[in-house]
Amino acid sequence: MNSIYKKLCLSFLCGIVAFSGMAVANEARDGAEVQAQLGDRAGTTKQERQALKSLRSNGESASAENAPSKEANKTFRMTQEITIGAEPTEGANVDEAHVASYKSPVTYITTHEGVMHTVYSLSQFGDYVTLNDGLTWFVRPADRYKTGNFLVVTEYDYFLNTNFCYFTDNILILPGSVFSAYDYVLVNATTGETLEVDLVQPTPGQIVSSYTVLAIAGNTVYLQDGSIWTVPASDQGMLYRWYPGDSITIGINDGFFTGWNRNILINVNLNEYVRGNCIN
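All letters in the sequence shown, in the order written, are residues 501 to 780 by the working numbering.
There may be inaccurate statements among the hints.
Just the calculated beta-carbon pair ranges, DEER-fashion [to be verified]:
#1 GLN736 to SER710: 21 to 27 angstroms
#2 ALA642 to GLY726: 28 to 34 angstroms
#3 TYR743 to GLU613: 36 to 42 angstroms
#4 PRO641 to GLY705: 28 to 34 angstroms
#5 GLY648 to ASN780: 37 to 43 angstroms
#6 GLN580 to GLY718: 22 to 28 angstroms
#7 ALA733 to THR618: 17 to 23 angstroms
Source of the hints: derived by calculation from the structure; they are not laboratory data. Here the structure is a predicted model, which is why all the values come from computation and not from measurement. Just so you know, even glycine gets a beta-carbon here, dropped at the ideal spot from N, CA and C.
Sequences are here, hints too, so could you generate the full structure?
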């Protein structure tokens with residue numbers, strides 16, 4: 501009887517070990533597939549991004565033939581004007597240096613409310629700015645002094661050697677000028693000051709954004725917040741590199757060659773962006 505019991509126990513234990521081995525093998529296989537997909541999708545190089553800016557500058561323009569119809573305008577999720585650099589309201593609690601940094605008012609147009617960001621942390625010398633979505637931006641050396649004019653309430657973390665910001669000016673993300681070596685511009689939405697920046701590629705597994713790609717169909721991008729975006733034909737080819745689950749941050753499309761696309765969707769995984777409008 502004891503020998504039968506031992507055999508049953510041994511068989512049961514062998515079954516558990518075999519099942520565990522299969523589970524580990526499947527998990528390793530799935531992980532390898534995910535890593536392979538990410539490995540095959542290397543982000544664009546600096547030279548490629550500069551070339552894209554040149555192509556866009558020579559491509560779609562804000563002409564009447566490229567303008568959306570009145571019916572199309574009605575389908576936009578929203579059309580909001582954001583005016584930055586206006587004088588502070590009377591009695592506003594801001595210091596003189598902050599007021600002195602105010603620029604002439606500029607108005608931007610967006611079709612999605614997610615364009616407004618805040619500063620999460622500033623490096624000690626102003627060379628890195630991290631926004632509330634977890635993205636870190638490398639600041640052009642000539643612009644670093646401007647971070648001293650940002651209205652922030654901070655607490656210094658001696659362990660991380662970083663100022664964590666609890667109250668800040670709002671920040672907009674714009675594409676960089678075709679004449680600039682930097683890919684993007686951070687605009688202080690209160691003062692109008694600008695920083696030329698490059699996106700710091702996040703490490704694998706880092707949570708960097710509140711928006712992710714849910715699905716892509718033709719020139720239409722669906723985000724997990726329910727928003728639906730249309731992308732111009734000139735940028736549609738880039739969507740073949742995008743996958744569901746890619747992290748997205750939203751910026752404003754601004755410049756002489758914006759066409760009728762009010763926003764940009766920045767694919768954090770690939771460090772590239774497409775222009776577009778949110779239609780729902």
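Hint-by-hint comparison with the structure:
1. GLN736 to SER710: 21 to 27 angstroms: holds (25 angstroms)
2. ALA642 to GLY726: 28 to 34 angstroms: Violated, since ALA642 and GLY726 (Cβ atoms, about 41 angstroms apart) do not stay within the stated range.
3. TYR743 to GLU613: 36 to 42 angstroms: violated (25 angstroms)
4. PRO641 to GLY705: 28 to 34 angstroms: holds (30 angstroms)
5. GLY648 to ASN780: 37 to 43 angstroms: Since GLY648 and ASN780 have Cβ atoms about 41 angstroms apart, the given range 37 to 43 angstroms holds.
6. GLN580 to GLY718: 22 to 28 angstroms: Since the Cβ atoms of GLN580 and GLY718 sit about 26 angstroms apart, the hinted range of 22 to 28 angstroms holds.
7. ALA733 to THR618: 17 to 23 angstroms: Check failed, 34 angstroms falls outside 17 to 23 angstroms.
Consistency with the previously given hints fails for numbers 2, 3, 7, ordered from lowest to highest.
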